[in-house]
Amino acid sequence: MNDPILRLEGVSKTFGGLNALTDVSFSLNEGEVVGLIGPNGAGKTTLVNVVTGNLRRSSGRIMFEGEDVGTQKPYQAARCGLARTFQIVQPFPQMTVLENVTAGSLFGGGAGSLGDARDKARESLEFVGLAPLADRPAANLALAARKRLELAKSLAMNPKVLMLDEVNAGLNSSEIDGALDLIRKIADRGVTVLIIEHLMKVVLSLSKRLLVLHHGQLIADGPSAEIVADERVIEAYLGQKFAARLKEMHHG
Amino acid sequence: QDAETIKIGAPLALTGGLADEGKKQDIVWKMWVEKVNDAGGLQVGDKKMKVELIEYDYQSEGQRAGQLAEKLINDDKVQFLFAPFGSGHTKIVAGVGERYQIPTIACVASSESVFDQSFKHLFGTLSPNGGMTTAMVKFFKEKFPETKTMAVLGRDDVFPKSMAEGIAKAAEAEGLTVAYKELYPVGTMDHAAALSSIKATNPDWIYVTGYTQDLILARKQMQDLGVTAPIVTMVTGPSYKEFTEGLGKLADGVTSSSWWHHATSYEGQGVWPTTAAFYEAFKAKTGGDPDYVHGSCAAAGEVIADAVKRTGSLDKAKVRDAIAATDIQTFYGPIKFGPNGMNLVRELPIIQVQDEDIKVLAPANIKNADMIAMPK
Amino acid sequence: MKPLTLYGSILVGLAVLATTPLYADNYVLRTAAMVAMYGALATSWNFIGGFTGYPSFSTAAFFGLGAYVGALCQRHGIPMVVSWGIATVAVAVFAALLGGIILRLRGHYFAIGSIAVVELCRLIVSSWSSLTGGGDGLNVPLIHASPEELMRFFLYVMLGILAASLVVTIIVDRSRLGFGLRCIHQNEDAAAMVGINTTAYKIAAYTLSAVFCATAGAAYASWTGYIDPTDSFQIVMTVKVTVMAILGGAGTIAGPALGAAAFVLLEEVFWANFIDWNRAILGVVIVLLIFFLPGGLLSLRTRLRRATGGAA
Amino acid sequence: MAIYFQTIANGLMLGALYACLAVGFSLVWGVLNVINMLHGSFIILGGYITYFAWHFYGIHPVAMLPVVAVLMFTLGFVLQRVAINRVVSAPVLTTLTLTFGLDMILYNVMTYWFTATPRRITLDLGAVNLGSVVLPVDRLLGTALALLLTFLLYAVMRGSNIGRAIVAVRMDRTAAELMGIRTDRIYAITFGIGALMAGVAGVVFAMVFPITTNVTGTWLGKAFVVCVVGGLGSVPGALVGGLVLGLVESFAGFWFGPQQAMTAGFVLMLILLLTRPTGLVGVKGYE
Amino acid sequence: MAEPLLSLEGVTAGYGQIQVLWGMDLVVYPGEVVALVGSNGAGKSTLLRTISGLLRPNSGSIRFDGANIGGERPDIALKAGIAHVPEGRRLFRGLTVRDNLMLGAYLRADKSEIARDLEWVFELFPILRERQRQDATTLSGGEQQMCAVGRGIMSRPRLLMIDELSLGLSPRMVEHLGEALIALNKAGQTILLVEQDVMTAFDLSHRAYIIENGRVARGGISAELAKDPTVSEAYLSI
Ligand SMILES: Nc1ncnc2c1ncn2[C@@H]1O[C@H](COP(=O)(O)OP(=O)(O)OP(=O)(O)O)[C@@H](O)[C@H]1O
Ligand SMILES: Nc1ncnc2c1ncn2[C@@H]1O[C@H](COP(=O)(O)OP(=O)(O)OP(=O)(O)O)[C@@H](O)[C@H]1O
Ligand SMILES: [Mg+2]
Ligand SMILES: [Mg+2]
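In order, the protein sequence lines correspond to chains R, C, Y, L and D. In terms of this note's numbering, the first sequence opens at residue 1 and continues consecutively. In terms of this note's numbering, the second sequence opens at residue 1 and continues consecutively. In terms of this note's numbering, the third sequence opens at residue 1 and continues consecutively. In terms of this note's numbering, the fourth sequence opens at residue 1 and continues consecutively. In terms of this note's numbering, the fifth sequence opens at residue 1 and continues consecutively.
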């Protein structure tokens, strides 16, 4: 296999006295879809923030395409192909959906002119199925549409690695199916995807490999089926009842 | 040109920081205009012309003062300008007057820097500040020969600053030691730090300059912090009744210079032939005592009256030359402009608050009290 | 507004100001020049305050510094127009450096930081007497020309600055920069996430908000012939310019200049007619405008259109 | 040595007055997100009421405290209800413009009625000596009152239901409504408290400073600086900010001369803004 | 059955020009747990906002315990006995866990009873007792949700409405909260619940309503709905 596209080596992050991330190491291979799970407050969002430069890591190295990007600013991360969505969606509220995505293709996607950027934005709106809402102000969208807008925006930036922070939270089962298809299509384009999600259905159906964070430490990294059977993961995250349900589903 | 009236324009600070001073100018000019018009107007050649005074509030904002001067000249077609209070704003208005060749009479600007721009249409009724410093040092040294050291605290603004610097220079020239000399910026709310430092130098003479509200605060804080000296001068505090009213007993003993005092007894031409006549008229109108601002502003009117009378017409250039040649006696004292347009140096009164009343200590011909040491 | 209507209105507005010498006296010219000057200041402010949404109160600092740099250059014998250029460049550099520091602040804290800059400039200029004359102020060599010529000259100078600021506004509005600034206005974190170098963009906006103020300040100093710290660095001016831009419509292209015109003219009317109460009356007008036209004067158009049923 | 103690004393007494001046401003800004340009005029109005009560009726300023408190609270409450509430959720620049307009009105009314003449209450209570350090009695009294009022406000904000409600409204208006809190009323109460604190600061100031409309801008400026130094929206922040600013100005005045005293205050503020934007004690939410 | 505690008839509501609810009818009886499920943007949160008075209904009636509360301010609804735990928890930053809980009892004056209820919340969620001095927004997501529910309980409501119980919570945390809700209901608390995870919703509730496009599409006993093939096709597609 090739070199990993993204590799974390002993990354830590502290907030005052709190260790949000402790010595986290793992790597993502190009084209992989990996799930990141862990209890609330385990440090998942923090991890994304550190990778994209929204937060500065306290120690460790973050290697992207063979270069240490640990001191990058968010805009530099975006331009070099590290895209992310926000757990709490962050649109430009007064702008239209199209303008929102245009911002992505213009600044992050390296479009040469406003016109090019707009064309590219239309494309990615088409791709996520938001084209009919292109002229609506982003503030008026319902939650599901906003999450899709986030997706369209990050797609317009030509990402190499896409980190999705709970893009499916708050969607119901059938909407989730739509979202799953979309994420698969993105992965099929060769984009490396890191999914953070509490909905095990989503995580399990998309990723063959799982990472588990607990109290800021990476406690497991491996094939999905093994991870969900891991006692530590059940104890810390899944809970006995849910684990039982999962097992049942596998057998049934 | 409207041949019926003589129009005088005045941009005034009727609101904002200088409102009080502006109002003083306003009241005196109105008194003067009323008096002139009651007598039928000013003599111009063989006819009498009424005077019209046009005032605008420039809100103590320099920019606007210049703008309103321009409005007065263009829209209202005034033939003369009265400059507003203070050296800075006078400069701005005078600049406009100069450009339009409209004679501008400054009655409350005493810094030479205002008059050193070779403006040909600016004339000031106050005498140069210089006359206030050396004479004062000499006078105090004579009255209190043991005076050796002094402390100076001045407001960083045109007039107060030049007085602070002037007095320090004069004092050193006369052999005094200036143990403390600092300026405080406009907007200072507290003088404790400066006063504590002054206290540590234990001077024989404390000299503070500033506007009334600064001086009231400084005097009060001196009292609070136990800072005192045999001589305490606050320029131009006691010239204003607001100062004595605001301080009450605390004002006692404070000395100052002034350009004019109503205890003087000048006489001459104009609507008020003597100082006493002006004093009475003012008292009748307002119930209070006039200060130098009132006196100087009223005298500015007399300058115009005299010039148009001598010219016999309203011809711009002639009137300007006539003003430049002014040499008159008035209730305010003699007025005769030097080459830079300022009233000539004369002996200026040194005043002191005694029993909450203003007394004149010098010059000898008008003095009505002896200098006392600052009460402890 | 459609671009053509917009450009048309701007040209008409400028033409109205530019033709005043044909029929009006110097005082009207002066008022027109004031409209142009404040229009330029408000249009400048719009880059940082309107487009970027950073509540900047630095206007008076840039204006005052421009005035001082210009005046000092002229006193050292540098020709007037060159002095204005030097003042503009110097203040732009100053703003860029300063921006690098204080633009790290957001929201309220930025507002305070930027207002402190005005006070600090005033205090420094005022205490650096050896260079600036301190509280005495500075005289600028008077221009020898008839009042009419002079007035016309400065009217066109101020109009030129206004026009330049409007042209730059239009260019910025249609460019990457403008788009990025609007993104920052809406959501700065998200803006960084789509790849906008927010720091550089904000500094650019802050610098743009300074250049025209500096030119205007320098020209103003030459015009009045005398400047001092209190009048050059006025908090009131800073707040006024902001208020003008908001009254006209912050973030729009022509709004700030329109607001400035409305404000200056209203002030004029009230000052001339209500000596004792002009300030209060202007206050009432501002309050009413905020109540009934919170989006600024330009929003009146949209409202009228809605009221008349969509016909534009 | 003595001069150092004197400088410290001067700084602390001045600082307490600064704290008193800023606390209401800070509260209104922190809670309502309104930069209240009226604050300086409110202080002066409180001062004028006190002055005239003393001048015409001989009422001691301290006795005026409750009266001014009630009057100013009412004024603030009503003003918020009828005017500011209409735009209270608008961006900060809009509310600033509104209070700027209101201030023009109030300022004009005050200068018209009271003129710009500086007025002073000539109680002149003298001074007490503590060793070589001189402590003016009226400043001591002002300091005591300032501290007392600040602590009172702190106690109210910390311990009472209203205090909790004020913080809650500040943090999340909708959620506060869900607690049964009537947010418009809390806004009005907060603005009322802000005006009240300004008013009582005016009472204290009337004993110490000459009262004139000329200084409204200066005092407003001080309130800004104190807020930043201490931390926006916080009562203890205003206290710490005031004291620190008082000390800094006092020492800068002593060491570098009065011309640098104010500059030092602003420099301190800028440094803090850049290094600790939440102020010296404004770490968490606003108490 | 007994008199309904809450009943809505033909309620319409929206935001400005946008109408969201198009004639809602539903009832909640005392002692029940009722779940609202439905796709995104269907109007579930809007419905809760309308009931708790954050939003004015345009038409229709909202009766609570016989009295009409439609269009009243939130404090009136709360006084009547309706507590609303909003989407996204919305705890007050800068206030401790305890202060947050106390704000739930803002309208109450009965001090000793408040203390008793606080004790009861701590029993229900022991972790909150441990963390009572901590700034509420530094809690983990699940703890925050407990605090928000506890804050709702503190008003001693007769109807507790919870929006998006499980949003963003780990499976284990959902399980834990579910247990707590059942305990609460056993103690007599009536609950109206909005939940995206239909399986969890049906598990926890007695009855459920399916909301689509601002209208009630179906309603019924949860256990029966769970078995209904059309429902599982639309909402439980595993
Ligand atoms: N800016 C910050 N300052 C202080 N603490 C923080 C900050 N950001 C996060 N934390 C803390 O760091 C820890 C990890 O938070 P993080 O948001 O990464 O969790 P998470 O795994 O994404 O949880 P969830 O699943 O609930 O989203 C939490 O305890 C959180 O309170
Ligand atoms: N403040 C608002 N202004 C305008 N429209 C809004 C607002 N809040 C919600 N909407 C719209 O109302 C509709 C219903 O929203 P609501 O939040 O009630 O849905 P929901 O059923 O709770 O969905 P979700 O599962 O996403 O929470 C959506 O189309 C949304 O876009
Ligand atoms: Mg997270
Ligand atoms: Mg919802």
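Each hint should be verified, as a subset may be incorrect.
[Said to hold, decoys possible] Below 20 Å or equal to it, Euclidean Cα-Cα: the simulated EDC-like pairs (lysine to aspartate or glutamate) are:
#, chain 1, residue 1, chain 2, residue 2
1, C, Lys-30, Y, Asp-276
2, D, Lys-227, R, Asp-135
3, C, Lys-148, C, Glu-112
4, C, Lys-120, Y, Glu-148
5, R, Lys-241, D, Glu-3
6, C, Lys-23, C, Glu-267
7, R, Lys-201, D, Asp-203
8, C, Lys-376, L, Asp-124
9, Y, Lys-2, R, Asp-230
10, C, Lys-23, Y, Glu-148
11, C, Lys-249, L, Asp-184
12, C, Lys-77, Y, Glu-188
13, C, Lys-77, Y, Glu-149
[Claimed, not checked] Pair ranges (Cβ atoms, derived):
#, chain 1, residue 1, chain 2, residue 2, range
14, R, Asp-188, Y, Gly-100, 41 to 47 Å
15, D, Gly-188, R, Ala-244, 28 to 34 Å
16, Y, Thr-19, C, Lys-318, 32 to 38 Å
Treat the hints as calculated values from the structure; they're not laboratory data. Heads up, the beta-carbon is just placed ideally off N, CA and C, and yes, glycines get one too.
How the hints compare with the structure:
no., hint, in the structure
1, C:Lys-30 / Y:Asp-276, "holds (16 Å)"
2, D:Lys-227 / R:Asp-135, "violated (41 Å)"
3, C:Lys-148 / C:Glu-112, "violated (29 Å)"
4, C:Lys-120 / Y:Glu-148, "holds (19 Å)"
5, R:Lys-241 / D:Glu-3, "violated (36 Å)"
6, C:Lys-23 / C:Glu-267, "violated (26 Å)"
7, R:Lys-201 / D:Asp-203, "holds (18 Å)"
8, C:Lys-376 / L:Asp-124, "holds (15 Å)"
9, Y:Lys-2 / R:Asp-230, "violated (63 Å)"
10, C:Lys-23 / Y:Glu-148, "violated (32 Å)"
11, C:Lys-249 / L:Asp-184, "violated (50 Å)"
12, C:Lys-77 / Y:Glu-188, "violated (55 Å)"
13, C:Lys-77 / Y:Glu-149, "holds (18 Å)"
14, R:Asp-188 / Y:Gly-100: 41 to 47 Å, "holds (44 Å)"
15, D:Gly-188 / R:Ala-244: 28 to 34 Å, "holds (30 Å)"
16, Y:Thr-19 / C:Lys-318: 32 to 38 Å, "holds (36 Å)"
Against the hints set out earlier in the document, violations occur for numbers 2, 3, 5, 6, 9, 10, 11, 12.
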